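Produce the entire structure from the sequences given, and follow the hints as far as they go.
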Amino acid sequence: MRHVTFAQLSTRKRTLARSPRRTGVPARRGRPGAVFPGRAHGHVPGDTRTPREHPDMTTIATTNPATGHVEKTFDELADEEVDRRIGRAAETFAAYRTTDLGRRAEWMNAAARILDDEAGQIGAMLTTEMGKTLKAAIAEAQKCAKACRYYAEHAAEFLADRPADPEAVGARDAYVHYQPLGPVLAVMPWNFPLWQVIRFAAPGLMAGNVGLLKHSSNVPQTALFLEDLFRRAGFPEGAFQTLLIGSAKVERVLRDPRVKAATLTGSEPAGRSVAAIAGDEIKPTVLELGGSDPFVVMPSADIAAAAEAAATSRCLNNGQSCISAKRFIVDGGCADEFERLFVENMRALKVGDPMDEDTDVGPLVSEQGRADVEELVADAVGKGAAVLCGGERPDRPGWYYPPTVIGGVTRDMRMFHEEVFGPVASLFRVDGADEAIALANATGFGLGSNAWTRDPAERELFVRELDAGQVFVNGMTTSYPELPFGGVKRSGYGRELSSQGMHAFCNAKTVWAA
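First residue of the sequence shown? That's 2 in this note's numbering, and the numbers climb one at a time after it.
Hints in this document: simulated from the structure, not taken from any laboratory.
A couple of the hints might just be wrong.
Below 27 angstroms or equal to it, Euclidean Cα-Cα: the simulated DSS-like pairs (lysine-lysine) are [said to hold, decoys possible]:
1) Lys-136 / Lys-147
2) Lys-284 / Lys-136
3) Lys-490 / Lys-284
4) Lys-351 / Lys-136
Per label pair, the in silico range of CB-to-CB distance [what the hints assert, rightly or not]:
5) Arg-163 / Ala-305: 39 to 49 angstroms
6) Gly-445 / Ala-161: 32 to 42 angstroms
7) Arg-415 / Lys-490: 11 to 21 angstroms
Since the model is a prediction, treat every value here as computed from it, not as a measurement.
Quick reminder that beta carbons are idealized off the backbone N, C-alpha and C, glycines included.
As structure tokens, this is what we get:
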């Protein structure tokens, strides 16, 4: 197998392979409640040595997307400290795997209470680090609390032995018994920096696994908070640890024999790399990669409701969500009405300071992220597409980009094939459901999909034929602890959430007894 390294990967969009930001800029004081004291540059727990003393170490920075200012810096962990933490995870697992489920549930419910009680402070931290609106960041913390409670309540049910018919297999007793795998590496992105970790950590910890988190290098405060969250909730010291490292060190961690599995949410190149390395080591993985979700609208739909949901979905998280609708495919019988209402709704969204309550769309995560979006828009316009609204960056500090609708997108444009990770919608007109489905499936992605129709036959057609991990009918695609989440094709494999998210990192052991 070809040797693959994270350091060779692209740095575009949600790619988790970029190296940590190197900076000589002094740390700036963040907004109140946005940082956690005692974790700043030179004070990362477990490693007080500096890059000057260890040239192989780098500095990781929090940069506020609304201002471009460096808020705080952190030292990357040295190799010796990474090895020590992996060892601690393995030692903790040996005892933790046998802890009583009721005890784990107590700790998980305690984590939920912390998330709810400190949602405002946590939200300010998320907003400062990656730019989502404060109201969305607070909602993310509250959603995480719900997921923690869900798994605390349902873990016993999900992990219960599943009996088989003993007579059918010639046994006195036969059943499936679920056991944890061990330390699991989670490589996570910045766009939902709390939720995407919790949806792995809550089922994983309740199943008896322990976690090692390599978070995106631009959200180090969130990464450190997550380790602190589970410690404060009562979990053993090594049950969930953050590895404050750059992407170049991920392969070494994944190849360590003490690490038993990996989960990654991120870009397609990062997913390929993790899958290749894990495959070489024969370790299970779950990958949730990019998406370019279709949003199909038929004449029988409530067009006003569809247009409102379309704008909300496209600009969710400032347009930086893998399951945001990105390609709006509208039947010609309702295309004029939908386009008018959709453009009106997109124009009505307020772009501004993400800390302000009335802001709908904050900045993109980075200057490069905005440049990527602008590049895709310029390519489409240069090849004949029309800008129906937006399309020009506002004249203000920070990495802002306005809600934008592009019409006339064709197959020769990059936007047709690539995920646009910003508040930009491409609008298509089709003739009938069959043409809509063909266009919806004309992509390598297959994460989520939306269909708007009141026709029962059309509904069944879309459910059956849309090639995606999820189909939402007359509603906006989202994620729930109760439902499995994941994609097909280039959007990854495996499932998070629901019972499937817990079983993904369990050994389903067959037990047969005569």
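The hints, checked one at a time:
1. Among the hinted pairs, Lys-136 with Lys-147 is consistent with the structure: their alpha-carbon atoms are about 17 angstroms apart, no more than 27 angstroms.
2. Between Lys-284 and Lys-136 the alpha-carbon distance is near 39 angstroms, which puts this suggested pair outside the 27 angstroms criterion.
3. Using a Cα cut-off of 27 angstroms, the hinted pair Lys-490 and Lys-284 holds, with the two alpha carbons roughly 20 angstroms apart.
4. Taking the CA atoms of Lys-351 and Lys-136, the gap is about 14 angstroms. The hint holds against a cut of 27 angstroms.
5. For the pair Arg-163 and Ala-305, the beta carbons lie near 46 angstroms from each other, so the given range of 39 to 49 angstroms is met.
6. Between Gly-445 and Ala-161 the beta carbon distance is about 39 angstroms. The supplied range of 32 to 42 angstroms therefore holds.
7. The supplied range of 11 to 21 angstroms is met by Arg-415 and Lys-490, whose beta-carbon atoms lie about 18 angstroms from each other.
Of the numbered hints listed earlier, the single one contradicted by the structure is hint 2.
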